[in-house]
Structures are given as C-alpha cells and as structure tokens.
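Enquirer: Listed below, chain by chain, are the residues.
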Amino acid sequence: MRYGMVIDLKRCVGCYGCQIACKAENGTPPGVLWARVLKLEYGEYPARRVSLPVLCMHCEDPPCEKACPTGATVKRPDGIVYVDTAKCIGCRYCMMACPYQSRYFNDKVREYFPGKGLTPYEKLKYKDHPVGVVTKCHFCRHRVDQGLDPACVANCMAKARYFGDLNDPDSEVSRLIRIRRGYQLHPDLGTDPSVYYLPP
Amino acid sequence: MLDRPFDTIAQDLRSTFRPQREWVQRKGLLLLGAFFFSGIGAGGWLFSLYLDWNQGLLWSLGVVVVASGVAHLAFLGRPERFWRALSRPQTSWISRGIWGIGFFGLSAVLYLLMGADPWAEASILGRLWLVLSVAGAVWLLVYKGFVFAYCKGIPFWNTAVVPALFFATGLRGGASLVLLLAVAGPSGLELHPLEVAKLWLALSFGALLVFYLWATRESGVAARRSVQDLVRGRVSVAFYAGVIAVGLVLPLAWSAVGLYRAQPDSVWIVVALSSLVGDLYVTYAVAKAGICRPLAGDFRVPARTPAR
Numbered sequence: 000m001r002y003g004m005v006i007d008l009k010r011c012v013g014c015y016g017c018q019i020a021c022k023a024e025n026g027t028p029p030g031v032l033w034a035r036v037l038k039l040e041y042g043e044y045p046a047r048r049v050s051l052p053v054l055c056m057h058c059e060d061p062p063c064e065k066a067c068p069t070g071a072t073v074k075r076p077d078g079i080v081y082v083d084t085a086k087c088i089g090c091r092y093c094m095m096a097c098p099y100q101s102r103y104f105n106d107k108v109r110e111y112f113p114g115k116g117l118t119p120y121e122k123l124k125y126k127d128h129p130v131g132v133v134t135k136c137h138f139c140r141h142r143v144d145q146g147l148d149p150a151c152v153a154n155c156m157a158k159a160r161y162f163g164d165l166n167d168p169d170s171e172v173s174r175l176i177r178i179r180r181g182y183q184l185h186p187d188l189g190t191d192p193s194v195y196y197l198p199p
Numbered sequence: 000m001l002d003r004p005f006d007t008i009a010q011d012l013r014s015t016f017r018p019q020r021e022w023v024q025r026k027g028l029l030l031l032g033a034f035f036f037s038g039i040g041a042g043g044w045l046f047s048l049y050l051d052w053n054q055g056l057l058w059s060l061g062v063v064v065v066a067s068g069v070a071h072l073a074f075l076g077r078p079e080r081f082w083r084a085l086s087r088p089q090t091s092w093i094s095r096g097i098w099g100i101g102f103f104g105l106s107a108v109l110y111l112l113m114g115a116d117p118w119a120e121a122s123i124l125g126r127l128w129l130v131l132s133v134a135g136a137v138w139l140l141v142y143k144g145f146v147f148a149y150c151k152g153i154p155f156w157n158t159a160v161v162p163a164l165f166f167a168t169g170l171r172g173g174a175s176l177v178l179l180l181a182v183a184g185p186s187g188l189e190l191h192p193l194e195v196a197k198l199w200l201a202l203s204f205g206a207l208l209v210f211y212l213w214a215t216r217e218s219g220v221a222a223r224r225s226v227q228d229l230v231r232g233r234v235s236v237a238f239y240a241g242v243i244a245v246g247l248v249l250p251l252a253w254s255a256v257g258l259y260r261a262q263p264d265s266v267w268i269v270v271a272l273s274s275l276v277g278d279l280y281v282t283y284a285v286a287k288a289g290i291c292r293p294l295a296g297d298f299r300v301p302a303r304t305p306a307r
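Going down the list, the protein sequences come from chains E and S.
When we follow numbering that gives the first Met the number 0, the leftmost residue of the first sequence carries the number 0, and every step to the right adds one.
When we follow numbering that gives the first Met the number 0, the leftmost residue of the second sequence carries the number 0, and every step to the right adds one.
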C-alpha cells in the first residue's frame with residue numbers, strides 16, 4: 000500500500016477550493032497553507048494559463064525525514080509522511096531540506112481576527128498546531144484512516160483530484176498515471192513524490 | 000521583513016522564486032550566530048593549540064560551548080526538547096552538529112583538565128584528549144557547511160563547495176579570534192605566524208568565494224538567481240559591505256601592510272574585528288541568498304513521461 004494523489008491539471012479550474020477545504024478541515028493558522036494553488040503561464044503567445052495545486056508530495060524517499068534530527072518526521076508504512084509535533088524541536092531543517100516548500104513553522108499563536116482573541120473554532124483546532132514546531136500536510140490521515148478521501152480531494156468541485164493506492168496497478172490513480180502519462184514535480188531529485196500531475 | 004501572515008501568503012503563492020526566510024528572519028538569525036560561534040571557536044581552538052596558548056584554548060572552548068550552545072538553544076522553537084536532537088546522527092546533519100559540540104566540549108575540557116602539553120612530556124591520556132578535541136574542532140568547522148549542502152530545496156546551498164567555504168571561514172575566524180584576544184590582553188605571543196596565516200586564509204577564502212559564485216551560477220535558475228541577488232540584488236549590500244569591504248579588503252590590506260611595517264596593536268584589533276564581522280556576514284549572506292527551487296519555474300509538459 001502506498002497512498003498517492005493524482006491532480007488533473009486539465010480539470011483544475013484554480014478555484015482555491017482545495018486550499019480552503021484544507022484550512023477548514025485542519026484549522027491551520029493564518030499564513031499556513033498546507034495546500035496551495037499556484038498560477039502560471041507557459042508557452043509562447045498566446046500563453047497558456049495553468050493552475051498548479053501543490054501540497055506535500057509525501058515522497059517515497061523524503062529528504063525532510065532524513066534531515067529531521069529528532070525523528071519527528073515520520074513516514075508511515077502506507078507512505079503518508081507526517082510530523083509528530085510532540086517530538087519536533089522547531090529547528091526548521093526539514094523546511095530547508097524539502098524541495099517542495101510544503102512545510103510551515105508556527106512561530107507564535109496567530110489569530111484570524113487580530114486583537115479579538117481566538118475563536119472557539121481556533122481554540123479547538125490549534126491543539127493540533129502547537130507553537131514552536133513545524134507542521135505540514137498529512138493527507139488528512141485522520142480521514143484516510145476512516146476510509147475517507149483527504150479534504151482537498153473530497154471538496155474539489157471540478158473532480159480534479161484522485162486519491163488511492165499507487166502500488167495497486169488497478170487503482171484509479173495508477174490507471175490515470177498510466178493512461179494520461181502522469182508526471183511528478185522535480186523527478187530529477189530522486190525523492191519519488193507520491194503526488195502526480197496529469198498534463199493540461 | 001515579512002512579519003504579517005498575509006505578506007507571507009503572497010510570497011507562498013508565487014510560482015517563481017521564493018527566498019528562504021526561516022533561517023534569516025527573527026529567531027532564525029540565532030542559528031546563523033550559532034554557526035558563526037561554533038566555527039570561530041573551533042578555529043580558535045586549533046590556532047591556540049598551535050601557539051600553545053592556554054588562555055586562547057579557554058576562550059575558544061567558551062565560544063563554542065557557551066555562545067554557540069546558547070544560540071543553538073535560543074533558536075529552537077522548543078528548546079526544552081533539545082536533547083531529542085541527539086537521536087538521529089545517522090541521517091541528520093543538525094544532529095551530527097549537536098553531537099560534535101558535545102564531543103568537542105567534553106574532549107576539550109578533559110584535555111584542559113589534564114593540563115597536558117601537546118609537544119613535550121605529555122601523558123598518553125592527555126594526547127588522546129588532544130587528538131579528540133582536534134577531531135571535534137575540525138568536525139565543527141565542516142558540519143555547518145554540510146547542513147547547508149544537504150538542502151535539496153535550495154540549489155545555491157546544495158553544492159560541495161559550501162562545506163569548504165565554511166571551513167575556510169571558520170579557520171579564518173578562529174585566527175581572528177586568537178589575534179584579537181592576544182592583542183587585547185597580555186599574552187606575550189609571537190603574532191607574526193598568526194598574521195601570516197590569517198593573510199593566507201583570507202586569500203584562500205576570497206578565491207573560494209569567487210569559485211563558489213562562479214560554480215553555482217551553472218546549478219540551475221534558482222542558484223543563478225541567488226548569485227544575482229548576492230552581486231546586484233537584495234543581498235548585495237550585505238555582500239559588498241559586510242563580506243567584501245569589511246571582511247576581505249580591509250583585513251587583507253592591513254595584513255599585507257603589517258607584513259612589511261610594524262603596526263600598532265589598535266590596528267590589529269581593527270583587523271581582527273573586521274575579519275570576524277566579515278565571517279558573520281558570509282554566513283548571513285549565503286543564508287539570505289538561498290532561494291527555494293521554483294516549484295513551477297521550469298514547469299512544462301514533459302515530452303516523454305516515465306510511466307508507472
């Protein structure tokens with residue numbers, strides 16, 4: 000079993016729904032974007048515009064895990080890479096080692112309504128975002144463990160995201176990668192990301 | 000200074016170059032200070048050993064253990080858990096560095112306690128601690144370079160030249176530290192060898208710096224952008240004023256003059272201080288110029304995609 004995600008760039012409309020769904024599900028503080036949508040243009044005039052959703056790539060060989068001096072970054076047998084915040088010392092070396100810029104450091108408690116105090120929702124969710132540690136996308140492991148898709152997948156209105164087992168050749172993600180020639184970001188780095196993109 | 004979360008969001012949503020900020024802003028500067036202190040302390044230890052100067056050994060040990068140790072701790076988001084950093088020396092360079100500080104500190108203290116003279120009538124145990132402390136000092140000189148060089152996400156750092164650059168910086172800083180201490184206090188040391196060594200180290204460092212910038216220009220768009228930032232961009236003031244003028248030209252010029260004509264102590268104090276400031280700025284400028292590999296900067300649909 001190796002969980003992975005496929006993002007169809009032809010279907011993605013760049014609505015930022017995944018970004019918001021991630022925030023709603025995980026309650027990340029302001030400035031912390033476990034899921035992001037980058038906008039870019041490529042090719043010659045008339046240039047083509049593409050929305051590129053990015054998140055932690057849950058690499059098969061994660062450089063962040065090797066860089067972590069405490070073992071706080073853990074790779075589960077099913078391929079999900081997460082941060083054990085109880086072990087993290089906040090050295091931020093994993094952030095430097097990650098080629099996909101998908102980690103965030105909680106330097107202090109940040110309110111969505113500065114000066115108004117934390118809302119009940121923030122108080123509840125910030126238990127998972129302690130100060131002084133690094134956090135990152137964990138493929139919504141609490142949902143995955145219940146048999147659900149990650150929030151960004153479940154909430155994508157264009158159905159541009161697929162989640163499944165990369166090791167199963169009959170899974171939808173494997174089939175899409177095979178048929179649509181899915182590719183990874185920066186495959187040259189040898190990290191073997193578990194997030195694939197289907198060409199636009 | 001990106002202090003507001005919405006500024007950082009704007010930066011994070013850029014599809015091109017994103018400078019690393021965690022090691023150059025706010026508490027991140029403490030890590031650069033820790034690297035600086037561990038480097039000059041380790042270099043100072045080696046030069047003090049060479050000059051057989053106990054006071055220099057004590058100061059160098061203090062700089063590594065106290066200044067660098069405190070800066071390391073203060074940098075951490077959760078300093079109370081620092082001991083956990085000892086648990087992964089097999090893969091993590093930060094962990095190896097923490098081990099190195101402990102290893103060096105212990106062997107250096109034991110060496111000083113043994114009171115061994117490295118050059119004559121030394122006890123076997125004293126020589127053992129001497130060798131171990133030298134190994135620890137060399138380890139401290141190179142480890143921060145490897146900390147940077149491991150980072151795949153930042154091509155400007157991800158090169159084998161960085162450890163050599165920081166090694167030279169640390170040695171030169173160590174020579175400057177010893178020179179400063181020797182001139183500022185009554186040491187009775189013959190300083191000429193130190194001045195010559197410092198001059199050669201500064202020249203070596205300058206050559207390494209030029210080679211580093213030249214070599215990394217060919218390491219991709221992000222590394223090229225980092226070099227541009229250094230020489231004519233957002234880090235250029237720190238680079239030209241701190242690294243080149245204060246850290247290289249001034250000490251080199253005075254050291255060269257000092258080889259032919261005796262200089263007053265005050266001049267050597269200025270030379271040593273400017274070298275130290277320059278070394279601090281090297282660490283800062285290299286860290287600040289670090290730009291993350293653009294996620295979509297070279298985005299294109301591959302002609303042939305490796306199918307699973």
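Hints are supplied without guarantee of correctness; some may be wrong.
Unchecked claim - Quick look at which bits of chain E chain S covers, simulated, 3 or more residues with Cβ under 8 Å: (1) 65 to 75; (2) 84 to 95; (3) 125 to 132; (4) 155 to 167; (5) 178 to 189.
Read the hints as simulated data drawn from the structure, not as lab findings.
Just so it is clear, CB atoms sit at the ideal spot from N, CA and C, and this is done for glycine as well.
Enquirer: Decide, hint by hint, whether the structure agrees.
Expert: So, going through the hints one by one against the coordinates:
Remark: the stretch 65 to 75 of chain E is confirmed as covered by chain S, as 7 of its residues place a Cβ nearer than 8 Å to a Cβ of that chain, reaching the required three. Only residues whose beta carbon comes within less than 8 Å of a beta carbon in chain S count, and the stretch 84 to 95 of chain E has 9; three or more means the coverage holds. Residue count for the stretch 125 to 132 of chain E with a Cβ under 8 Å from a Cβ of chain S: 3. That meets the three needed, and the coverage hint holds. A count of 1 residues in the stretch 155 to 167 of chain E with a Cβ less than 8 Å from any Cβ of chain S is obtained; the coverage claim is therefore unmet, three being the minimum.
Counting residues of the stretch 178 to 189 of chain E whose beta carbon lies closer than 8 Å to any beta carbon of chain S gives 7, which reaches the threshold of three, so the coverage claim holds.
In this structure, only the earlier hint numbered 4 is contradicted, and the remaining ones agree with it.
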